[in-house]
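Participant: Add chain B to chain A, keeping to what the hints say.
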Amino acid sequence: MSVQIEIFLQTLIAGLLLGGLYALIGIGMTLIMGVMKIINLAHGELMMVAMYIAYWLFVLFHIDPYVSVLIATPVMFFMGVAIQKYLINPVMKVESILPENQVILTVGIGMVLSNMATIFFTSDYRSTPVDYASNAFYLSDYWRDSPIELSLSIPWTVSFILAVIITVSLWFFLTKTDTGKSIRATAQDKDAALMMGVNVERMRVVTFGLGAALVGAAGCLFIPIYYLYPALGGKFTLIAFVITILGGLGSTIGAIIGGLILGIFESMTATYVGMGWAPVGRFVIFIAALIFLPGGVAAILRRHKLGK
Amino acid sequence: MLEVRGIDVFYGDVQVIWDLSFSVSEGEVVALIGANGAGKSTTLKTISGILSPRKGTITFNGEDILKIKPYRLIEMGIAHVPEGRRLFVEMTVEENLDMGSLRGTARKERQRNKEMVYSIFPRLKERSRQLAGTLSGGEQQMLAIGRGLMSMPRLIMFDEPSLGLAPILVKEIFAVIENIRKEGVTVLIVEQNVKQTLSVADRAYVLETGKMVLEGTGKELMDNEHVKTAFLGV
Numbered sequence: 001m002s003v004q005i006e007i008f009l010q011t012l013i014a015g016l017l018l019g020g021l022y023a024l025i026g027i028g029m030t031l032i033m034g035v036m037k038i039i040n041l042a043h044g045e046l047m048m049v050a051m052y053i054a055y056w057l058f059v060l061f062h063i064d065p066y067v068s069v070l071i072a073t074p075v076m077f078f079m080g081v082a083i084q085k086y087l088i089n090p091v092m093k094v095e096s097i098l099p100e101n102q103v104i105l106t107v108g109i110g111m112v113l114s115n116m117a118t119i120f121f122t123s124d125y126r127s128t129p130v131d132y133a134s135n136a137f138y139l140s141d142y143w144r145d146s147p148i149e150l151s152l153s154i155p156w157t158v159s160f161i162l163a164v165i166i167t168v169s170l171w172f173f174l175t176k177t178d179t180g181k182s183i184r185a186t187a188q189d190k191d192a193a194l195m196m197g198v199n200v201e202r203m204r205v206v207t208f209g210l211g212a213a214l215v216g217a218a219g220c221l222f223i224p225i226y227y228l229y230p231a232l233g234g235k236f237t238l239i240a241f242v243i244t245i246l247g248g249l250g251s252t253i254g255a256i257i258g259g260l261i262l263g264i265f266e267s268m269t270a271t272y273v274g275m276g277w278a279p280v281g282r283f284v285i286f287i288a289a290l291i292f293l294p295g296g297v298a299a300i301l302r303r304h305k306l307g308k
Numbered sequence: 001m002l003e004v005r006g007i008d009v010f011y012g013d014v015q016v017i018w019d020l021s022f023s024v025s026e027g028e029v030v031a032l033i034g035a036n037g038a039g040k041s042t043t044l045k046t047i048s049g050i051l052s053p054r055k056g057t058i059t060f061n062g063e064d065i066l067k068i069k070p071y072r073l074i075e076m077g078i079a080h081v082p083e084g085r086r087l088f089v090e091m092t093v094e095e096n097l098d099m100g101s102l103r104g105t106a107r108k109e110r111q112r113n114k115e116m117v118y119s120i121f122p123r124l125k126e127r128s129r130q131l132a133g134t135l136s137g138g139e140q141q142m143l144a145i146g147r148g149l150m151s152m153p154r155l156i157m158f159d160e161p162s163l164g165l166a167p168i169l170v171k172e173i174f175a176v177i178e179n180i181r182k183e184g185v186t187v188l189i190v191e192q193n194v195k196q197t198l199s200v201a202d203r204a205y206v207l208e209t210g211k212m213v214l215e216g217t218g219k220e221l222m223d224n225e226h227v228k229t230a231f232l233g234v
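Note that the protein sequences, when read in sequence, are chains A and B. Take the first sequence: its position 230, counted from the start at 1, is 230 in our numbering, and no numbers get skipped. Take the second sequence: its position 98, counted from the start at 1, is 98 in our numbering, and no numbers get skipped.
Chain A with its partners taken away, still in its complex shape (with noise of 0.2 Å):
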């Protein structure tokens, strides 16, 4: 018995410092779709330029990618203001283009990305081996006569605390800055941000910048336990995608109740059903938003606040 429940809660942990991650992904793109109202699909394609980054930065100048985090992100703010500035505002201008399709130039900034990266870095598996990869905390190291035994995985662990941090100091400059709250404002009604006195068009370029440094600070926190190649991007943006439909569309809190929900139902898919089959889990997790929670996390916490 105490085996089932030390393996549940193990799996339980190993899901929500997952989700962590993915609820850090999951914002970037939700920022992007409220103020743009497009869906950002060249997301994970974002990510893994900044694990890229991190991993140069590991292989020739030995810095950690926790100390990567403070470069990639920069970089792939900038990033994100000149793809939006000369790339999708142009196209955003061109009236004879329906709004829905300019979700198709973020595919091609994608699949450019992650061809540039193949031809750059070739197609190799590559990751960073810190050492400090395979430690861990014990949960008997702390309580001698625990009845079960739990795990910490050293950098899980460090990735999920920076995380929640990024999040917090994000959830800061949203509500407690005018920029931030510009930011909201312009995501919920455009005109009236704009007969406020809000720059619309720089917040679309800030809230880009701020979406890819997001998702890039969530490569940097990737790379010490994951693998990297140049295809990698487009399961991200897949996952990405998920949360935000999850969560709800640009709700915040609901990409990070999402990503929760996602990394944690995926963990659980992988220990109860199969390794294989996590994939699988993140689909049916999927369709089951779209039918039974059409307006995702965020609808529900709507329906509560507003009382309706």
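Please keep in mind that the hints were generated in silico from the structure rather than gathered at the bench. All figures in this text were calculated on a predicted structure; none of them were measured in a lab. A few of these clues could be false.
Claimed, not checked - Listed next, the stretches of chain B that the computed footprint assigns to chain A, with coverage defined by at least 3 CB atoms under 8 Å from CB atoms of chain A:
hint : region
1    : 42 to 55
2    : 65 to 72
3    : 96 to 110
4    : 210 to 216
Ideal placement from N, C-alpha and C gives every residue a C-beta, glycine not left out.
Facilitator: Leaving out everything else, chain B in the frame of chain A:
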């Protein structure tokens, strides 16, 4: 103060405003009245830069505002309280007020102006931490007006402030508008509630299908036969 000269405005290929001209002087309350679809809201949206005219000029204190970025207009002293309130429904009452004071001196005076708005509408203070979407229609209109006042405007434009409100609230809103004017703020108001509006307006313009058909003082128009049959139901 505000001069609109011969503007033509289009939605796509459809022209909705035809050669419209009017002016608002400092300290006045001017009303634009007309039926649904006459182009009143479109006119206000054009002044705030959300739409741009194909022809004509709009100047504010002699400055050509068509050349100014729309998001800078609020800093120049033009506030727009839009139709349907257009609040940020998933932000709190207080955050909505903050949004009204993003720029210039209004940003520095934010705290003081907030107190001022709360003293005009004490109910907003009680609900300052509530989401704007949870307010009643009347409270939402108060918040929309309050948000407009937060920018310390010299000209405030109201688009259908009485829409969908109970008669007692309509009275309250109009009383507030009178007070705003007494504070020296110029008011441009668009309304379908013609009787109430003409009683507070110094001057009014009547629009029909995007064209100016009549103008005069509030009292003149109140006695005008055309206005009587078309809007006042006399």
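Participant: The structure should be examined with respect to each hint, and the outcome stated for every one.
Facilitator: Results for each hint:
Interface restraint, the region 42 to 55 of chain B with chain A: holds (3 residues with C-beta to C-beta distance below 8 Å; minimum three). Under a criterion of three residues with beta carbons nearer than 8 Å to beta carbons of chain A, the stated coverage of the region 65 to 72 of chain B is upheld, 4 such residues being counted. With a threshold of 8 Å between beta carbons, the proposed coverage of the region 96 to 110 of chain B by chain A holds, since 6 of its residues qualify and at least three are required. Given a C-beta distance limit of less than 8 Å, the hint that chain A covers the region 210 to 216 of chain B is violated, as 0 residues qualify and 3 are needed.
Checked against the numbered hints above, the structure violates only hint 4.
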